[in-house]
Amino acid sequence: MVVLLQISEPGQSPEPHQRRRAVGIDLGTTNSLVATVRSGTPETLVDSEQRHLLPSVVHYSASKEVTVGHAAYAQSAEDPLNTLSSVKRFMGRGLGDIKTLGSQLPYELIVDNSAGAGGMPNFRTVAGDISPVSASAEILRVLVDRAESALDGALDGAVITVPAYFDEAQRQATKDAATLAGVKVLRLLNEPTAAAVAYGLDQGGEGVIAVYDLGGGTFDISILRLSFGVFEVLSTGGDSALGGDDFDRMLAQWLGEQAGLENDLNPSQQRQLLMAARKAKEALSEQPQVEVSVAGWTGVLERQLFNDLIDPLVDKTLRSCRRALRDAGLKAEDVASVVMVGGSTRTLRVREKVAEAFGRQPLVNIDPDRVVVIGAAIQADVLVGNKPGDEMLLLDVIPLSLGIETMGGLVEKIIHRNTTIPVAKAQDFTTFKDGQTAMSVHVLQGERELVSDCRSLARFELRGIPPMVAGAAKIRVSFQVDADGLLNVSAKELISGVEAHIEVKPSYGLNDEEVTRMLKESYTYAKEDMQVRALRERQVDADRMYEDLLAALQEDGRRLLNDDEYHCLEMALKDLNDIRQSQNHREIARHIEMVSKTSEEFAARRMNASIQKALAGHSLDDIERDV
Amino acid sequence: MDFTSNYFEIFGLPVSYQIDLALLANRYHDMQKEFHPDRYAGKPAQEQRLAVQYASVINQAYSDLKSPLCRAQYLLSLKGLDISGETHITHDPLFLMRQIELREALSDLREAEEPFVELEAVAQDASSQYVELQETFDRQYHQADFDNAIETVAKMQFFSKLLKEAEQLEQELDN
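Which chain is which? The protein sequence lines are A and B, in order.
Using our numbering, count along the first sequence one by one with no gaps and you end on 627.
Using our numbering, count along the second sequence one by one with no gaps and you end on 175.
To be clear, the hints were calculated from the coordinates, so they are not data collected in a lab.
Just so it is clear, the structure is predicted and the values come from calculations on it, not from any experiment.
Hints should not be assumed to be uniformly reliable.
List time: in silico EDC-like cross-link candidates among lysine to aspartate or glutamate, alpha-carbon distance up to 20 Å [stated by the list, open to error]:
(1) 175(A) to 541(A)
(2) 331(A) to 118(B)
(3) 331(A) to 170(B)
(4) 66(B) to 232(A)
(5) 413(A) to 64(B)
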């Protein structure tokens with residue numbers, strides 16, 4: 001008791017209701033944004049020239065100087081090989097995936113086949129080989145800096161949005177980029193869900209919402225039901241390699257043909273064509289025709305011709321919409337509102353066709369570029385604890401099925417697409433040979449039946465199974481998907497108790513050493529910064545744990561713990577608070593681990609108490625209903 | 001994990017095949033508002049981990065109770081009759097005939113002139129039989145006629161699968 005009084009002394013513990021600094025970040029294919037909630041209102045943050053959008057473009061110079069955003073974009077025509085844009089399309093992808101993005105990529109791609117390199121291709125630039133993850137980290141860093149100067153202090157965390165249709169590898173790559181940029185990820189949030197939050201809270205609408213999200217490089221469709229503050233995603237679908245950039249490419253190809261430039265375009269010509277195509281596309285949203293002058297060709301482009309060029313792509317998105325509706329068990333007429341998100345929904349043809357498909361005019365009243373990041377900022381504000389007692393809750397789904405390889409190269413699905421997360425599932429398998437002592441577990445993601453048609457996420461082995469006749473062993477494979485949509489897999493032989501566990505690092509992801517290596521090499525941090533950063537991060541963790549546990553102790557400690565247990569936890573907390581002042585990040589980490597162990601039982605009792613309360617709440621309701 | 005209540009208890013509902021789906025959805029939202037990991041963002045890390053587990057159980061409970069087939073299987077499993085793992089095969093000759101007919105109808109669709117119209121007809125037929133079986137199950141379960149209830153669930157499994165195949169076919173035709 002005495003100890004608790006001591007450690008609660010004013011001035012020693014952090015202010016309990018101090019507002020935490022949290023932001024939403026939309027890391028887009030074409031543009032990125034950052035937003036925060038200030039005095040209850042979400043707002044996007046601007047740069048020193050009052051611009052909201054940061055072009056997702058990174059330029060590398062021979063002197064290893066990195067520029068991001070508008071300045072980098074300005075270099076793209078004259079220095080295309082060293083100016084990386086649309087990097088999001090490369091996140092978590094292998095060379096095979098990227099080839100399907102079209103042959104006109106103006107980059108030199110390098111695949112490092114050495115062990116542990118991950119297999120994600122790198123861009124060869126004058127500043128060395130740059131991975132998509134580190135280029136994305138540069139963009140994130142600029143946004144974080146912008147937010148930290150606007151909020152006047154270090155961030156407590158960020159919600160980063162990802163396309164709903166991003167698979168495990170793409171999500172993990174995004175999280176790796178955040179780690180590299182030194183920002184704590186509160187949650188990876190699906191872009192359409194974020195948009196629904198911004199829209200739903202703004203309009204106060206209830207019922208079924210369809211969010212049609214066409215960005216620069218990705219397309220998502222999500223069907224949600226909004227009821228009393230709960231956003232429940234019913235289904236999601238899309239194409240993580242289809243977006244407005246493809247409209248540009250279609251048009252650029254046509255322009256190239258008109259200008260007689262069909263084969264062997266150099267990167268600079270490709271850029272010129274793409275930039276002319278984008279300008280023409282944007283003009284056609286305002287006017288029925290546009291004069292184009294590129295590569296020595298001048299002519300008039302009619303909107304109708306542009307529409308004909310992009311219709312096959314738009315139709316592809318509409319097929320995804322129909323599938324998402326089917327998955328949700330709904331018809332187009334059940335949808336109360338259709339929300340348009342992403343810069344590419346400015347294209348008039350897209351709006352026309354979506355209106356036709358859903359039989360109603362889509363809503364375009366919130367800036368399609370900003371709606372996602374605003375939703376992310378609102379969620380960040382809730383997650384960081386600035387809005388206790390808020391009723392808003394997001395229930396999201398996993399976009400693609402997860403399974404494991406079985407005999408004959410087939411995939412046995414364990415978690416089906418559109419299952420609400422978090423989710424845990426287990427399935428039992430057996431050995432197929434007498435005396436088999438090991439089993440290889442191959443984790444896959446996708447809807448197809450053949451292993452070769454799905455994305456390989458990870459392989460691991462369960463060894464030490466005692467020899468038995470074929471079919472006698474019982475191997476339980478458990479999948480746990482957390483609220484970020486990230487997967488953990490473990491396998492256990494039930495008769496012997498042999499266990500294997502893996503945190504799935506997708507084949508195209510980075511392992512921890514790689515992240516560390518990239519951190520060391522990154523231009524953002526000099527090596528001496530590493531120690532400082534590690535210390536600061538551990539201190540933030542320690543403070544967080546101290547505050548959270550102290551609050552829990554004050555709330556329930558006396559009720560749920562006996563005197564010994566109570567004092568034991570108190571002491572551990574006091575030690576943590578003392579050690580936090582030290583300059584040794586390893587020592588702090590060790591104490592965090594220790595407090596975590598000590599508080600395990602307390603956590604379990606608190607959760608149980610909550611369950612009892614929640615269950616009792618039902619019976620009370622029943623009584624009230626009966627009366 | 002100490003989350004030992006059965007799925008019905010989690011949502012404060014009576015253990016029964018007939019279920020108030022709207023009430024179930026409300027209770028589900030209430031429980032997730034309590035236990036979703038987002039609610040534990042400011043809580044100790046241990047509780048955050050537990051919240052992931054609890055929210056997973058609540059999600060599983062909701063999706064099982066929502067589905068007419070899974071709810072039937074779950075009710076039988078509460079009686080110690082676990083048939084969800086393997087496909088229980090029915091020996092009702094009439095049903096086997098119907099099964100073959102419906103499968104053929106579905107596979108002939110690809111060559112049909114109006115595949116969407118015919119697909120709709122097959123799906124309608126299958127859903128109405130599926131609903132009938134649900135009523136049968138409810139009666140049998142109520143009368144504690146578990147042998148026949150198991151047989152009915154096996155038939156429901158067939159229709160549930162057929163309806164999923166019909167959806168997949170619709171999607172294929174759409175592409």
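Practice task
Taking the numbered hints from earlier one at a time, note which ones the structure violates and give those numbers from smallest to largest.
Solution key: Every hint satisfied by this model.
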